[in-house]
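Protein chains: 2
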Amino acid sequence: MIDVCLLGTGGTVPLPDRWLTSLLVKWNGKSILVDCGEGTQIALSQQRKSPKEIDTILLTHYHADHTAGLPGLLLTMAKSERTEPVTIYGPKGLEEILQGVFIIARYVPFEIRYKEIRNREESFMIDDMKITAFALQHSVPCFGYSFELARQPKFDVQRALKLDLPKMYWGRLQKGETVEYEGKVYTPDMVLGDPRKGIKLVYATDTRPVPYIESHAVNADLLIAEGMYGDPEKIENAKENRHMMMQECASIAAKANVHELWFTHYSPSMHDPWQYEEELKGIFHNCIIAKDGQNKDLAFQE
Amino acid sequence: MIDVCLLGTGGTVPLPDRWLTSLLVKWNGKSILVDCGEGTQIALSQQRKSPKEIDTILLTHYHADHTAGLPGLLLTMAKSERTEPVTIYGPKGLEEILQGVFIIARYVPFEIRYKEIRNREESFMIDDMKITAFALQHSVPCFGYSFELARQPKFDVQRALKLDLPKMYWGRLQKGETVEYEGKVYTPDMVLGDPRKGIKLVYATDTRPVPYIESHAVNADLLIAEGMYGDPEKIENAKENRHMMMQECASIAAKANVHELWFTHYSPSMHDPWQYEEELKGIFHNCIIAKDGQNKDLAFQE
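Protein sequences appear in the order of chains A and B.
Count along the first sequence from 1, then add 18; that gives the number in the working numbering.
Count along the second sequence from 1, then add 18; that gives the number in the working numbering.
Where hints are given, some of them may not hold.
Straight-line distance between alpha carbons at most 30 Å, and here's what the computed DSSO-like set of lysine-lysine pairs gives [said to hold, decoys possible]:
(1) B:Lys97 / A:Lys257
(2) A:Lys97 / B:Lys215
(3) A:Lys70 / B:Lys133
(4) A:Lys309 / B:Lys97
(5) B:Lys148 / B:Lys252
(6) A:Lys148 / A:Lys273
(7) A:Lys299 / A:Lys314
(8) A:Lys309 / B:Lys172
(9) B:Lys180 / A:Lys309
(10) B:Lys148 / A:Lys110
(11) A:Lys252 / A:Lys299
(12) A:Lys97 / B:Lys257
(13) A:Lys252 / B:Lys314
(14) A:Lys215 / A:Lys97
(15) A:Lys48 / A:Lys314
(16) A:Lys273 / A:Lys193
(17) A:Lys97 / B:Lys97
(18) B:Lys44 / B:Lys252
(19) B:Lys252 / A:Lys252
(20) A:Lys70 / B:Lys44
(21) B:Lys309 / A:Lys70
(22) A:Lys257 / B:Lys70
(23) B:Lys44 / A:Lys97
(24) B:Lys172 / B:Lys215
By construction, these hints were calculated from the structure, which means they are not laboratory data.
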């Protein structure tokens, strides 16, 4: 199960009633934060989420509305007596950004590891979660992220019983290991059923609606993506500053056949994104105009 | 008249219901901001104050709860189409801090001028406001600031009428200029009455209760100062981290004979600073346990 909490839904400028867009992804005792603008640590506190537990921070790009909360967050994690390292991922230029962060934060008593994403697409594992960074089209290098939690096939007890293998070895087969016993080799496929659908979450903000988003979002359980503007007259602003209209975003969700779509990263000029709800549901029915603190548990389907 | 707005009252960590301590001082079309922690731009917005108008930023010291909001504030000022320069004052090390700010903020389209305060006490004028930075005792170099607005003596029409000087010259005498007319020299003291009390505002946070605060706060109309803790058991924390107890702060206000005292910079551990109100009023009667947005117009007294 993945616990998803969209801490804020604003773009560009934090507002008194709208935190900047940031996502907290929790599963299996692990916590990943995506982006950290000014105020994200307050949004975490408001949602009663502990900053101490964040192991990994994924940065989409280096505009300040996605990074300026890092000094404060890291210091608050320090005050909560975190001692374990934190790993930060982001586009090229991360080392310089962290220099800026440490000038302002000064003393952070735990280790910060950092990894720059150098290719248009890169995957890495955090625990059993496969994360893929994929390039978006913004005014500076920017990445979307997909989170995939695979599901083990069902263990077929009837098939296992037919093997001459003591039960004490079953667990290893179930974990995907090969077992040798009395000169015979046993492989997981002998006891495991058909592949089962895992969970996929995809996050894409600060981008024009490039096909790359759709291909990554295919069949996702949840797509969280940018809806900077709803007013069709804003299309030139969207193109100029490399942002995505709500309608463009809904079309991607429809083509990618996602299960559910959440809009986020609203322009400060858009006071009421809900006014476009009916139109957007006409493009993609299962869309939600997310609010700060929007959350959901994504579970394996039975 | 000085328009004083305490944007936040928190210390160390911004909370969902308490912004970090920051002060906005406005007079005569000029705006000075003192400190800018994470969220200060949101607090400004909540108080319907325009960040665009801030000409000067005074920094007390370089702990992140007093500086980490600078990248966001400067970018929001840029979005509001400010083009005039902004001047930032602070202790030694300001240049490095601003390097960090610009790494995170990246592009700020107006000029930032900066002036490091190198002495234990330094005064400078901003328009007709005399500002004095004075050293406090914190774990890093830290300054308090006093703001003094002088008041011109009253123009004595009866005395002016007795001079052989046409009325068209009166205005220059009133402004403090010397006038020569038909071979005679006229000086301002010939038409001005007794000196009149101006307005004094004093701000001191992040410090032990050193005598220097008292000497600067003497007869101030308003002292805004740190009350990090109210619980007497916290005195060791206060000493160790160089902070001031509410009781210590109230004693300074009493000895300095200030007109009014506002407490600020409450520890995140102190959820209810108002529980100490009665005790504090016993030490200094005219004290206010300030809330975010506490404001007052300081006017010349009649």
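To see whether the hints hold, each was checked on the structure:
no.: 1; hint: B:Lys97 / A:Lys257; verdict: holds (18 Å)
no.: 2; hint: A:Lys97 / B:Lys215; verdict: violated (46 Å)
no.: 3; hint: A:Lys70 / B:Lys133; verdict: violated (37 Å)
no.: 4; hint: A:Lys309 / B:Lys97; verdict: holds (24 Å)
no.: 5; hint: B:Lys148 / B:Lys252; verdict: violated (36 Å)
no.: 6; hint: A:Lys148 / A:Lys273; verdict: holds (23 Å)
no.: 7; hint: A:Lys299 / A:Lys314; verdict: holds (20 Å)
no.: 8; hint: A:Lys309 / B:Lys172; verdict: violated (58 Å)
no.: 9; hint: B:Lys180 / A:Lys309; verdict: violated (73 Å)
no.: 10; hint: B:Lys148 / A:Lys110; verdict: violated (47 Å)
no.: 11; hint: A:Lys252 / A:Lys299; verdict: holds (20 Å)
no.: 12; hint: A:Lys97 / B:Lys257; verdict: holds (18 Å)
no.: 13; hint: A:Lys252 / B:Lys314; verdict: violated (41 Å)
no.: 14; hint: A:Lys215 / A:Lys97; verdict: violated (40 Å)
no.: 15; hint: A:Lys48 / A:Lys314; verdict: holds (16 Å)
no.: 16; hint: A:Lys273 / A:Lys193; verdict: violated (35 Å)
no.: 17; hint: A:Lys97 / B:Lys97; verdict: violated (33 Å)
no.: 18; hint: B:Lys44 / B:Lys252; verdict: violated (35 Å)
no.: 19; hint: B:Lys252 / A:Lys252; verdict: violated (55 Å)
no.: 20; hint: A:Lys70 / B:Lys44; verdict: violated (39 Å)
no.: 21; hint: B:Lys309 / A:Lys70; verdict: holds (28 Å)
no.: 22; hint: A:Lys257 / B:Lys70; verdict: holds (27 Å)
no.: 23; hint: B:Lys44 / A:Lys97; verdict: violated (35 Å)
no.: 24; hint: B:Lys172 / B:Lys215; verdict: holds (11 Å)
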